[in-house]
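**Student:** Given the coordinates of chain A, work out where chain B with the ligands should sit on it, guided by the hints.
Chains A and B, in that order, give the protein sequences. Going by this note's numbering, the first sequence opens with residue 255, and the numbers climb by one from there. Going by this note's numbering, the second sequence opens with residue 7, and the numbers climb by one from there.
Some clues are possibly wrong.
[To be verified] For lysine-lysine, the following DSS-like pairs were computed, each having C-alpha atoms within a straight-line distance of at most 25 Å: (1) B:Lys134 - A:Lys566; (2) A:Lys446 - B:Lys134; (3) B:Lys134 - A:Lys580; (4) A:Lys446 - B:Lys114; (5) A:Lys566 - A:Lys580; (6) A:Lys566 - A:Lys446; (7) B:Lys187 - B:Lys207; (8) B:Lys134 - B:Lys114.
In short, the hints are calculated from the structure, not lab data.
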Amino acid sequence: MKRSREINSLISIGIVGLIILFGAPLSLDLFSVISLTTAISLAILALSLGLIWGFGGILCFGQTAFFGIGGYAYAIAALNFGGSTGAIIAAVLVAAAAAAILGYFMFYGRLSDVYLAVITLTVTLILYSVIRRTSGPEYKIGIAKLGGFNGINVPPINYPWDATQFLYPEHVFYVAMVALLLAYFLCVWLTKSHFGRVCVSIRENEVRTELLGYDIRFYKLCMFTVGGAIAGLGGIMFANSIGRITPDVFNLYNAALAIIWVIIGGRGTLIGPVFGALILFYLTSFLGRQAVVNINLFLGLVLIVFVLVVPKGIVPSLVELWDRRKSRRMTARSARRMRRRGRSRVKEVQVED
Amino acid sequence: MLETRSLSMHFGGVVAVNRVDFSLRENELRCLIGPNGAGKSTFFKCLTAQLRPTSGEVVIRDFNVSGSESHQVARMGVGIKTQVPNLFDGLDVEENIWLSASQSASLKRSRVITSEVIERLQLGDVRKSQLGSLAHGQRQLVELGMVLAGEPWLVILDEPTAGMTQEEVIRTAEIIREINKSATMIVVEHDMQFIRMIARKVTVFHQGQILLEGDMDEVSADARVREVYLGHRKTS
Ligand SMILES: Nc1ncnc2c1ncn2[C@@H]1O[C@H](COP(=O)(O)OP(=O)(O)OP(=O)(O)O)[C@@H](O)[C@H]1O
Ligand SMILES: [Mg+2]
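Just chain A, with the same shape it has in the complex (with noise of 0.2 Å):
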């Protein structure tokens, strides 16, 4: 019954990811459709947060830095390559390795949470401050400039047989709309994996799974790695829809953003943290422009909100009042059939008599 229940709702979340694909460049205005384009781009990064964090425990405060890097691996690539395809790949391979060496030093050396949270949160900001001071044109990277606090102008994506073919806005938007969706549902497969389901054991008592005889750091670092590469892959989407990559994807704004998400939309599922971005990112974006409130300030309300009101977050919460309402209305149910089932056996028992 559960099985079948998560098996719904997966269908209908790709049915919904369909619509989405197919319905948003038919029915929104072009604007719109670059910015959807980006709140996908920082949907996948929350889905990478909300994958290393919800299902093996992992808090890194600086998922960022991955998003950043993918995103400005990308970019060079792509200059130097003169083309997309292949800087895609190079990206997301970058990203992963990223993650991996940073990974190896953190789990290997059996960092406590705490530590961890630290360490990656000073690569991040370490990355922001060095990558500001490089708008000099001394550094570069084979043909690509770093530009600085300026950042870099990416080069749009690029048909993969043709190179001086640019992919439209639009057609960015599917790219980055199918990324969402296949990260999206690699992160469902591997969670129902056997590795993932070790992950969730990690998460819930890390001495336990060792004494079975797992590797803790070994699964926690894979995790950390396929976390790397899907951020990675946000960071590239992130840099295509915006059109320029900047050191401000590393700062420790964007950092705190990425933990809010995952916090507000659900720790421990992978649609709540893809929704936890969707739904900030037009929040932000909306009250950005009625310039009324500060963005900070409000960012922080809605965090202290939730972690005290709605602590598990927005989709496991609807999930329990679903739950109960429904339970609710089964008993109701169930009592009233025991009501007419008692009244038909009185009155079958007036018959006897």
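**Tutor:** Using the frame of chain A, we list chain B with the ligands on its own:
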């Protein structure tokens, strides 16, 4: 099969285990007893590589434990239960046991093992319950189930009956005797009644050292043991 050579573990100035030479034969069922703070759990943690000994070494079937990781010890086929219950509280009974079974067995086989273990421990009624919601004794039983599911040939248990009801203790004793048919065992215990139910040979720990080793009758007749352990228990 298992041997420690001059094993010592110091915590700052505290000498928890002091130059212990211990050996265990194949298929033996050995009980480790001793007053609180005697160093039993510390000794246990050295055997399972949860602690790195200050000096000396632990060898299990030609494998040098000291200096390796505890998952490597477990992977050799050693089933371990710690004194503090270590379970996956957010997961259900079935998942807990399955995670243990699937470490070494194939996915198909581990499903079979899981149902077998659940049946054997009579946990069928709670197979879908979250561990966190179970009573203490039942949690202990699930942990024993996790040890069983790994199909170990060496089993090391630290106080398996702590917090159990009388009935559960008797059932646990039965299970332990059954495990012993296919595996060598070390059981750390406090409950003398329980030890009488299962033990052949007993090792008494006192102040980090082995005070005495022998049959249960021999041990309980010994004046020194009465003084440090049995007497201690009566007064406490
Ligand atoms: N991590 C630690 N750090 C410092 N001292 C410790 C540590 N672990 C144990 N000790 C000390 O080592 C000694 C032996 O402790 P241990 O837990 O091995 O005893 P025990 O025989 O298992 O006792 P009990 O019957 O209460 O479980 C005690 O004096 C204890 O305080
Ligand atoms: Mg102890």
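**Student:** Confirm or reject each hint.
**Tutor:** So, going through the hints one by one against the coordinates:
no., hint, result
1, B:Lys134 - A:Lys566, "22 Å, holds"
2, A:Lys446 - B:Lys134, "17 Å, holds"
3, B:Lys134 - A:Lys580, "20 Å, holds"
4, A:Lys446 - B:Lys114, "15 Å, holds"
5, A:Lys566 - A:Lys580, "20 Å, holds"
6, A:Lys566 - A:Lys446, "21 Å, holds"
7, B:Lys187 - B:Lys207, "16 Å, holds"
8, B:Lys134 - B:Lys114, "19 Å, holds"
When each numbered hint is compared with the structure, no violation occurs for any of them.
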